[in-house]
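**Q** With the hints as constraints, model all of the structure from the sequences given.
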Amino acid sequence: DAKTTQPNSMESNEEEPVHLPCNHSTISGTDYIHWYRQLPSQGPEYVIHGLTSNVNNRMASLAIAEDRKSSTLILHRATLRDAAVYYCILNFGNEKLTFGTGTRLTIIP
Amino acid sequence: DAGVIQSPRHEVTEMGQEVTLRCKLISGHNSLFWYRQTMMRGLELLIYFNNNVPIDDSGMPEDRFSAKMPNASFSTLKIQPSEPRDSAVYFCASSFGGALGEKLFFGSGTQLSVL
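For the record, the sequence lines run as chains A and B. Be aware that the first sequence starts at 1, since it is given in the numbering used here, and climbs by one per residue. Be aware that the second sequence starts at 1001, since it is given in the numbering used here, and climbs by one per residue.
Rather than coming from a laboratory, the hints here were simulated on the basis of the structure. There is no bait here: all hints are sound.
DSBU-like, lysine-lysine: derived pairs with alpha carbons at most 35 Å apart: (1) B:K1068 - A:K3; (2) A:K69 - B:K1103; (3) A:K3 - B:K1024; (4) B:K1078 - A:K3; (5) A:K3 - B:K1103.
Non-contacting residues of chain B with respect to chain A, defined by C-beta distances greater than 12 Å in every case (computed): (6) P1008; (7) V1012; (8) E1018; (9) T1020; (10) E1062; (11) S1066; (12) K1068; (13) P1070; (14) N1071; (15) A1072; (16) F1074; (17) K1078; (18) P1081; (19) E1083.
Chain B stretches covered by chain A per the calculated footprint, using a threshold of three residues with CB under 8 Å from any CB of chain A: (20) 1030-1043; (21) 1102-1115.
Glycine is no exception: its CB is placed at the ideal position from the N, C-alpha and C atoms.
**A** Rendered as structure tokens:
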């Protein structure tokens, strides 16, 4: 399985943008990049995914480097409800999604 | 749609007892995943099914664990006999078409405590 590297934790002020980095230097050309988050006492929740182009949805934006060796999840305006563990995962074909340790995001009021 | 429904939300049992966890998939989904989460090991995939057929059970810890899909919308995860080290939160998730580029929808989990 291709591996991802994320910082263990990050802090951000409420109502400011948050950029969550993910390194995946061994990514293959067909690996999708998925982001999930897990709020306290809940199951993981899908955030966004992409292959090569940047992606936007109502929750976040995904910026993918041109060489695809890294990506950044962008929360445009963090709220207290965005405090969670964010997982960056690579996946190809019908392979299972394997979760790493993720980044614990703390939002400061 | 009510989403993925797991029951029970909490289960406390004694070592040696049989435990059965239940999961109802989202209507129309055809893939089912069982995960286990602990502080030490994080989220681990135990087994996943596609169209009711187990595809990969390499994450199942040992023979004490078994999972079934008696029909397209329902799954059970059974632990027999249970041990204290099985204490964890167990999540199931469903999707349409497998994990490729498709969202996984997770249930709220079952908190299992084996005393």
